[in-house]
Amino acid sequence: MHISDGILSAPVLIAGFIGTVAVAAYTLRQLDLDDIPKVSVITSVFFVASLIHVPIGPSSVHLILGGLVGVVLGIRAFPAIMLGIILQTILFGHGGVTVIGVNTMMLGGGGLMAYAVWQLRHHFNIKKKEMIFGGLAGAMGIFSSGIVLALSLVTTGEEFIATAWYTLIAHIPVMIIEALVVGSCAAFLAKVKPDALAGQLPLAPAVTATAAATTKPLNEDSPK
Amino acid sequence: MPLDIDRFAKLESPLQRWDPRIKLFTLGIFVFSVALLKTLPIACVAFFLAVGILRLSNLPYDFVASSVKWVIFFLLPFFIIMPLSYPGEAAFYVIGLPFAWEGLQLATLIFIKAVAIILTTFSMFGTARFDVSMIALQHLKCPKILVQMLLFTYRYTFVFIEEMRRMQIAMRARGFVMKTNLKTMQVMGNFVGTLLIRSFERSERVYKAMLSKGYQGELHTMVKFKSEQQDYIKSALVLVTAVIILALDFSGLFLPAKQSWF
Chain A
1 MHISDGILSA PVLIAGFIGT VAVAAYTLRQ LDLDDIPKVS VITSVFFVAS
51 LIHVPIGPSS VHLILGGLVG VVLGIRAFPA IMLGIILQTI LFGHGGVTVI
101 GVNTMMLGGG GLMAYAVWQL RHHFNIKKKE MIFGGLAGAM GIFSSGIVLA
151 LSLVTTGEEF IATAWYTLIA HIPVMIIEAL VVGSCAAFLA KVKPDALAGQ
201 LPLAPAVTAT AAATTKPLNE DSPK
Chain B
1 MPLDIDRFAK LESPLQRWDP RIKLFTLGIF VFSVALLKTL PIACVAFFLA
51 VGILRLSNLP YDFVASSVKW VIFFLLPFFI IMPLSYPGEA AFYVIGLPFA
101 WEGLQLATLI FIKAVAIILT TFSMFGTARF DVSMIALQHL KCPKILVQML
151 LFTYRYTFVF IEEMRRMQIA MRARGFVMKT NLKTMQVMGN FVGTLLIRSF
201 ERSERVYKAM LSKGYQGELH TMVKFKSEQQ DYIKSALVLV TAVIILALDF
251 SGLFLPAKQS WF
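Residue numbers (the working numbering), protein chains in the order written: chain A, 1 to 224; chain B, 1 to 262.
In short, the hints are calculated from the structure, not lab data.
Ideal Cβ positions, reconstructed from N, Cα and C, are used throughout, including at glycine.
Be aware that one or more of the hints could be misleading.
[To be verified] Ranges between beta-carbon positions, derived for each pair:
id : chain 1 : residue 1 : chain 2 : residue 2 : range
1  : B       : W70       : A       : L168      : 17 to 25 Å
2  : A       : I18       : B       : G175      : 37 to 45 Å
3  : B       : L253      : A       : I18       : 29 to 37 Å
4  : B       : A91       : A       : I18       : 51 to 59 Å
5  : B       : M222      : A       : E158      : 49 to 57 Å
6  : A       : V192      : B       : A90       : 52 to 60 Å
7  : B       : R7        : A       : I169      : 35 to 43 Å
8  : A       : K128      : B       : R7        : 26 to 34 Å
9  : B       : A90       : A       : T155      : 18 to 26 Å
10 : A       : P173      : B       : C44       : 32 to 40 Å
Model the full structure from these sequences, guided by the hints.
See below:
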């Protein structure tokens, strides 16, 4: 899901860039040295996974997984999604150079919203909460991206209001599929490798608690 | 869709010889000026300029077309949605829906600009090795951390595509067929989860290997850039053209696409 070049007006494009630079600067500052290769490697998994097409009746949609990025990477989802979008622009020409800002706000914002929903699971004590909140996070990722997309179209001009409605409606099946896939993926990760999920208690952040334990001595040896 | 955008970086042409730093800067400005265009005739001029620049690069037609056809496919709905949903006077009615010429103009403008920009993207990134382009970006004040992450992500994309293909073959060998049902979604969720866990473990090995080779947050490269007079002449030509088309576009000689044809 992305918006192409040549549609949005200059103020919207500029707002997208300003927003992206601000959020990216903040989130990139949160990254440690060992996050750089990790976040990039995981970004490439999402990049590859978004090439998977899932059939809907006679046609098919590709997975977006913006919500899952939030569930796995937490706040680092934003720079990860930005990387994905820049790469997509360079490699496929999808989207375009001028809409990198808007597209990052759209999908990266969705990732952050998904993370917020995902974190709510700590307040509930129910069975299969990873599956339920993973699913909600997956749906939230698409939902908030769809809203940003619609808003950027509407603020460009009133002639795009109908287009905005069509895109919002077109996102409903995508939302359902993402919810199912992200939900079962979160449940799978919770069972197999809980460290891989973001915001796990009690050792909250860090990609993997075990990794931090094993790489620490190496870190201390290396001169800074 | 070709993932290795730099497959033809070794071809000999004025674009490949262009200093990547100056090339990315100049064509970047060109792309932004195309994105700001509001009139159809000037957008057409920009489109032919983009085609001209791409022709100079000697990139094979098939290579470019395989990506561009997808972009065109995604843009086609605009030709249906825009004319039928444009607020204003309807020229005639199609099965009860108002059809406005202004909407069709707007769709055409969007289409031409988008294709022109994508063709230019190929001229920008298809004419130098990917790592060289990225290091050029770093010279253009792109944050170091971003450039490093882009290089890593690009590198590992190919690894994981292979990994995914192997896993898909294994799934098919066990008789899995994708359908529109809950089971498929569940299996796909587990599939992505497995891919993630493998990548986590791989990223740990990668990081340790990097540390043992002395990684401290800096990438050292042997790429050296050299800019000559020719590079600046090319750049000046493109920039002057970009300014001229923008000036013509804003001059009011042509009416914006929303108002009438010309």
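Now for the hints, and whether the structure bears them out:
no. : hint                        : verdict
1   : W70/B / L168/A: 17 to 25 Å  : holds (23 Å)
2   : I18/A / G175/B: 37 to 45 Å  : violated (51 Å)
3   : L253/B / I18/A: 29 to 37 Å  : holds (32 Å)
4   : A91/B / I18/A: 51 to 59 Å   : violated (39 Å)
5   : M222/B / E158/A: 49 to 57 Å : holds (54 Å)
6   : V192/A / A90/B: 52 to 60 Å  : holds (58 Å)
7   : R7/B / I169/A: 35 to 43 Å   : holds (39 Å)
8   : K128/A / R7/B: 26 to 34 Å   : violated (46 Å)
9   : A90/B / T155/A: 18 to 26 Å  : holds (25 Å)
10  : P173/A / C44/B: 32 to 40 Å  : holds (37 Å)
The structure fails hints 2, 4, 8 (numbered hints given earlier, in ascending order).
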